[in-house]
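A.B. asks: Respectively, the protein sequence lines represent chains Y, P and D.
Anchor point for the first sequence: position 79 equals 1536 in this note's numbering, and the numbering is continuous, going up by one each time.
Anchor point for the second sequence: position 107 equals 567 in this note's numbering, and the numbering is continuous, going up by one each time.
Anchor point for the third sequence: position 76 equals 80 in this note's numbering, and the numbering is continuous, going up by one each time.
Rather than coming from a laboratory, the hints here were simulated on the basis of the structure.
Worth double-checking, as some hints may not be accurate.
Here are the simulated lysine-lysine pairs, DSSO-like style, with alpha carbons at most 30 Å apart [to be verified]:
no.	chain 1	residue 1	chain 2	residue 2
1	P	Lys1322	D	Lys179
2	P	Lys1429	D	Lys72
3	P	Lys1409	D	Lys92
4	P	Lys1322	D	Lys55
5	P	Lys1432	P	Lys1400
6	P	Lys806	P	Lys835
7	D	Lys92	P	Lys607
8	P	Lys1393	D	Lys132
9	P	Lys669	P	Lys656
10	P	Lys532	D	Lys179
11	D	Lys153	P	Lys1393
12	D	Lys132	P	Lys532
13	D	Lys55	P	Lys532
14	P	Lys1393	D	Lys185
15	P	Lys684	P	Lys976
16	D	Lys185	P	Lys1432
17	P	Lys1400	D	Lys55
18	P	Lys806	P	Lys851
19	P	Lys780	P	Lys683
20	D	Lys80	P	Lys532
21	P	Lys1400	D	Lys92
22	P	Lys1322	D	Lys153
23	P	Lys721	P	Lys806
24	D	Lys153	P	Lys1409
25	P	Lys1233	D	Lys132
26	D	Lys132	D	Lys19
27	P	Lys1400	D	Lys185
28	P	Lys728	P	Lys808
Nothing here was measured: the structure is a model prediction, and the numbers come from that model.
Listed here are the chains, written in short residue letters.
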Amino acid sequence: MTDTTANKLQTYVDEAPLVEGDHNFSTITDKICSIVESKPPRGWLIAFLFSFSLLLILQGSIGYLIWEGTGIWGLNNPVGWGFAIVNFVFWVGIGHAGTLISAVLYLFRQKWRTAINRFAEAMTIFAVICALVFPGIHIGRVWVAYFMFPIPNQMGMWPNFRSPLLWDIFAVGTYFAVSLLFWYVGLIPDLATLRDRAKSKVKRLVYGILSMGWRSSHRHWQNYELAYLMLAGLSTPLVLSVHSIVSTDFAVSLLPGWHTTIFPPYFVAGAIFSGFAMVMTLAIPARKIYGLESIITIGHLDKMAKIMLVTGSMVGYAYAMEFFIAWYSGNTYESFAFVNRAVGPYAWAYWIMISCNVIIPQLFWSKTLRTSVPVLFIASIFANIGMWFERFVIVISSLSRDYLPSSWDYYTPSIWDILMLIGSFGLFFTFFLLFLRFLPMIAMFEIKGILPEADPHHEEVH
Amino acid sequence: MPQIKNNKTEKTYWRSLQDKMDSKEIESFIVNEFPAGTIEVSETMTRKKFLSLMGASMAMAGLVGCRKPIQKILPYVNAPEDIIPGISNYYATTMSMGLNSFGIIVESHEGRPTHIEGNQDHPASKGSVTSYVQASILDLYDPDRLKSPMHNSKSVSLTNLKNNFTPLTGDGSGVAVLSGSFNSPTTKRLYDKFNKKFSKSTWTTFDLKSQENQISGLAYSTKKEVLPIYHFDKSNIILSIESDFLGNDQNSIHNQKTFSKSRKIKTKKDKMNRLYCVESTLTNTGMMADHRYKIRPDEVYNFIAELNNTLAQNGLYKLKKINIKKSIFDKKYQKFIKVLARDLIKNKSKSIIAIGDELPSELHSLVFILNQELKNNNNSVTYHSTDDFVKSDLESTKKLIEKINSGNVDDLFILDVDFIHLFSHLLNDKITNLVKNIYYFGSHKDLTSKISTWMIPKSHYLEAWGDAKSIDGTTSIVQPLISPLYNSISINEFLSLLLGNDISDYDLVKETWSSKSSLVFKKTIHDGYLKSSISSNSVSIPRVSVESQQNIFSTIEEHLSNKKTNNLIARFTISNQLYDGRYTNNYWLREAPDTITKISWENVALISIKTAKDYSLKNSDIIELKSKINGKEFKIEAPVWVLPGLPNDTIILEMGYGRELERDVDRNYIDEDILGVNVLPIKEIGSYYSNNILLSKTQKIHKVACTQDHHGLDLEKLAANEIEGRLPEIIRESNIEDYRLNDDFVLDYDRKKHIPDNDSDLPSMYPSHDYSKGPQWGMNIDLNVCTGCNACSIACQSENNIPVVGKQQVMDGREMSWIRMDRYFKGDVENPEFALQPVACLHCENAPCEQVCPVAATTHDKEGLNGMAYNRCIGTRYCANNCPYKVRRFNFYNYTYDTPEVVQMANNPDVSIRFRGVMEKCTFCVQRISEAKITAKNEKRELADGDVKVACQTACAMDAITFGDIIDKNSKVSQAKSLNHDYSLLKELNTKPRTTYLAKFRNPHPDLVKDNNNKEIIEHH
Amino acid sequence: MGSVVFFFSYFGSPKFTDVGYRPDQPVDYSHKLHAGELGMDCRYCHTSVEKSQEAIIPPTQTCMNCHKIVGLENEKLDLVRASWESGKPIEWVRVHMLPDYAYFNHSVHVNANVGCASCHGRIDEMEKVMQVEPLSMSWCLDCHRNPEKHIRPDNINVTQMDWVPSEGHEEIMNKFIEQHKISPPEDCTACHR
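Construct the complete structure from the given sequences, taking the supplied hints into account.
C.D. replies: Structural data, given as structure tokens:
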């Protein structure tokens, strides 16, 4: 035995185990597959019915919207964008953590990701779906939305490539496609496991098709690893690009409060912040209901909390910087836009945002709070609220008071705005619960990969 | 670089009360209708919508499998000679209003009149229009007009009516006729015939807004029945006493045209008139004034008396002093009167004292004397005989009411006057119990039609033959543009019917004009007026000896109030939207926000800030007003609105609202139940204000749609200050004197921000378009002469098919008008100055809207137009967000889907009707541009300056708007843009707007300048 | 995906949906006979084509000018005579349909020497009128971008149907376009208001 391996063993001994309890390969498989195979707990059923009814509300209000027109929203002349865009940006933000966790942490060989990456990715996909709903329906004439795509037409017209909205379509579209691919590829081995364990014909068939004839041969694993690595490499820049580009919707315009260069990094930081918050919000109940405490350990939550602390503070810095630059620029319109946020008619929203995004995360400096599940859960929910309000503040307070005071106006959401916001959560959770029900929410094979057993020299220790 | 300091006139601006006062104070005035975070359901599913929904789904089901809808073409069988499909014809005709009449040119497409413009050569319109004239085309297509004669509320055919309608036999005893005043020779002829034939009958004439006092006052002095015409182009100093000559006045177009002549500034050297204004309301004239002094209606006598005395002291020795026991005016006010008097005398024969026509006659007589002593008569003020007119007569109206009350009227003929609306509160009993038969000749199913036995529909003036006279005497023929849409007849036909013979109005007019040769007749029709008749009414007034006028001075002396009173006064004015109520069903005028209050669709009770404090009232509170009129007590309820610059303890009430009409079609977004309040009950007939009103606050609230301070959004101190800081830059202005010292002061604001004088030096990221080849369209708006009278925005609405959206939508901040008339107050809240700025799309050369549109629906064309392809627009609203001027309007709903077919006939076929979900905005009347270009091409010639006139430009009587090719250095617009005080709005954004503004000037009297910034010029206690 | 795009962009385009549209007319009037064999000028009936945006369908009157004398027995003309007597218009079916938001002006094109045939095809050979060009926006733009193909020299009548450009026609026309300052607009505002 060479001393290098000795050192390696040493490390194993020291590092806190990523999986607690005495799990081995088979227990992991059983634990996670059983969730999919056994009947769902009552909690799941209730949750599903609830979120599905919300989804119906969304569909209903979208129907009415398309029939009546965007007038059913609280929009008015200066405030041309309302909840729809706020929700869009919010959901895109949520959709960040997934790919960050899987791709970036994967490239950095952060083993702890394995426990959470699967449903973080799922969350990403669903969040992006929610996001994509809104730009679709917020336009005045939904039926000609295809004008935005560069397809050959009798008009001989291209879309306008100078418009950030167009960049959006490409950015978010790409992000969605890649994330979906990334997620699916990661699923294949586990789908195969489910296929092999499946008792009913139908299940075997479905999982069989989905797992694309995976036989976990050496060659398969080799290709898999390669493909996964490449996708990880591919999606890493996307994590940064998507929200940077979304931010240009605002940054490129000349509206005071939108027209700022800090937006791209600040949006990305915010996105990661909200993303992790959402993972936390989902993970904590899930691990409780399905008794996965041993796999999604406090350690995981602790790490996520740290990331939230970091990104939360970055966002806080951005808020401060905006103010400084506004003052430093000496541009009256600019500086008013920001002062107006803090003390204007939308101050209430602004201060909700500050307290949720900047102040509350500061709790995570303390280890005890960072490791107390209830605190984490509540904090994560606040973070979500805060991030929604961040977008609200940016979009609406800036629009409602711009250059010429004669056109200033106050925006008040209509009941339909509210319903669609709620409905979008319905859409999200419906998808997510279905995912929990029918797909392995934790990457079994990756967990196994980080079990002590996985180490060839594992026996040699004792 | 010149310092901004040296510009003395920089004042603090504020947009509205809310801005000016700090939030604590505001809370007491403004209802914050939407406290942050509350939710309101903007639209609810009405039955109608549900049905339409079902209907549409049926339709869709039907459409399945259609290849494409089949379109039919129905050509003429016999083609009329003068109509070429696709080419619009223009006809001259005349619209008369009260005693005046305006020559107009009407655009007609395939025989369908669509747009009205002024007749260049007609002295009363001079090529422009008022908002009333402009909007009158919509009345033609009013779907709620009475469609056929009614007898005991059963409809009767027209022939049926003509055959068996012989209500009058014998000498006409027990017969009374009530009509408005009129100026038509033919109608006058029939009127005389009528009085001759039915000698025992009484014909009464009544106008809510009448010149009666003026005429009788002048008659007292001059022994002639005359009306004045003011020539402001011949005057340097103008004093308006309660006169809104620039706004809601008989002869406003003439006034505006001549006023702007002596107001426009081109170079340092140009002279500019000075306008003093003393008024108890707030009028467009007041907003234009260099010195505006508010006064309570009951103090006007004192003011004129003191002015008279001061004039007498300072040189007009012939004037008789009026002995005033004790002046009720404070020092500042007296100083003002002194300065004013000197100024008037200094400009003898070049000044004008204009006085509101509702004021009592003795004041008119005195003002006549003053004008005479100032040598203005027959110079800047000319007088014109009114003998040809049938004028409003108050006394006989009162008699008529008495006669009716005493049951001495059997047959009452009401000619186009809403009798019940005006007088019902004066009747002792239900009219039907007092009068046997009521015959109503009118256009709408109003309260009067309800009680009348016969109801005969009145033709619109574009449907009937007739003739008219203007105050100056210009006579013209009213020719129909279209045959009556419904079974209606003209007033002349109706009168001849009463006279027992059924003659067509054409023959009636021909008969009147029988003295003229048919050639002259034809020419008159063609030109729109009779050349030889111009100012045929003018009479030169010989000097009147002051001694002969003793009684005037003594009567005035009697009326002097000796101490300041602070009892509540209700001051009644004519509405800026509905005039005397005749435009109740004209949605264009109803929705166009009031020029001063910016309130659309209804009227409010205007009060001053202090009064609001005293009675602890805030905007939208409903108050109850009681008044005793000879024994009887009357009361009304109206929502309150606080307006700066009003005298205290004075309530301004707009008449003309609250007419109840029965409507045939109800429209989705237009809520017909909004009528405003009828304030006439508490008004003593004939008086223009009523003393000792009792005000009591109710607990009720009435939401008011105000387009400028949407939702009464309450401004905290911070925002108020911000606005004060911003506005000097948005509306740039200077005292004329300072301007002479520093004539490029407009640039100072930009220089302060280090913006190059020439905005082509500003860098841009994108390659700029090539604007080297003409024509390059541009516009210029002269803020110095804009009165904010709304004529332009109504003209725009008519030309560009802009939908009416209804009160709810206006409250939600979705009004569609392409021209936003910004109104700002300035200086101190008690005595503010005013600034007006019309803002439509400025057609920026670097348009921010263009680069953010994902589908390139809004793009620039090579002539510098910022185009809008509605059919390409998908409605992201990004362009509107990115427009720093917020001039883009979005179709949040399908506002036009339920426009009745007849109303659609008013649409301009050269402009697309916008569908729900598309953005729209000012296009510089691109349809007119391409029409002109094509005509020029077809005629193989170049475009000349003036070939393209945009709708707002022609409508503007102040000639504030110029439009044309900015490449052509000789074009009017380039000339305007080359002036030193031309500036672009928000230049620092480097949008390079094609519409630029000429700065506003004020011409205060040097001795009074410092007072302007001074608070509390009049203390009321 | 790609095939879907192709499907719509081809089968949805006017080239596919509109070209070849040949509706039955109430009166089966033959352009082939009148414009072709009899050689009547288009402007005899479509009078306002040089003055107005509309070329107009002729009033019944125009038909009767001749058919008071000729074709008295022809029962094809019954409807025309009926319309003449009753004063009720003949309901022709529109063949060349432009959407309402596209403002096309005949006069300016005709006065720029663009031949009728350029857009309407060989009407003189059609028994029943048929749409031969897609009349789509891109089709308009093609001509507006290089008009020389379709603009005729002054000596050629715009209504002449069988005219074919000679050799080197385009070079000549480019000069012609220079001289007459013909500048076909490509801006949205040219047609959309």
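A.B. asks: Now, for every hint given, state plainly whether the structure supports it.
C.D. replies: Structure-based check of all given hints:
1. P:Lys1322 - D:Lys179: holds, 22 Å
2. P:Lys1429 - D:Lys72: Violated, at about 59 Å.
3. P:Lys1409 - D:Lys92: Distance ~39 Å between Lys1409 (chain P) and Lys92 (chain D) Cα, so the pair is violated.
4. P:Lys1322 - D:Lys55: holds, 26 Å
5. P:Lys1432 - P:Lys1400: holds, 23 Å
6. P:Lys806 - P:Lys835: holds, 11 Å
7. D:Lys92 - P:Lys607: holds, 26 Å
8. P:Lys1393 - D:Lys132: violated, 35 Å
9. P:Lys669 - P:Lys656: holds, 28 Å
10. P:Lys532 - D:Lys179: Violated: Lys532 (chain P) and Lys179 (chain D) sit about 42 Å apart, past 30 Å.
11. D:Lys153 - P:Lys1393: Holds, at roughly 23 Å.
12. D:Lys132 - P:Lys532: OK: Lys132 (chain D) and Lys532 (chain P) at ~16 Å, within 30 Å.
13. D:Lys55 - P:Lys532: holds, 23 Å
14. P:Lys1393 - D:Lys185: holds, 13 Å
15. P:Lys684 - P:Lys976: holds, 28 Å
16. D:Lys185 - P:Lys1432: Status holds; Cα separation ~25 Å.
17. P:Lys1400 - D:Lys55: Cα-Cα ~13 Å, so holds.
18. P:Lys806 - P:Lys851: violated, 37 Å
19. P:Lys780 - P:Lys683: Holds, at about 20 Å.
20. D:Lys80 - P:Lys532: holds, 20 Å
21. P:Lys1400 - D:Lys92: violated, 39 Å
22. P:Lys1322 - D:Lys153: holds, 23 Å
23. P:Lys721 - P:Lys806: holds, 21 Å
24. D:Lys153 - P:Lys1409: violated, 35 Å
25. P:Lys1233 - D:Lys132: At roughly 45 Å apart (the allowed maximum being 30 Å), Lys132 (chain D) and Lys1233 (chain P) break the hint.
26. D:Lys132 - D:Lys19: At roughly 20 Å apart (the allowed maximum being 30 Å), Lys19 (chain D) and Lys132 (chain D) satisfy the hint.
27. P:Lys1400 - D:Lys185: holds, 10 Å
28. P:Lys728 - P:Lys808: The given pair, whose Cα atoms are some 24 Å apart, holds under the 30 Å limit.
Of the numbered hints listed earlier, those contradicted by the structure are 2, 3, 8, 10, 18, 21, 24 and 25.
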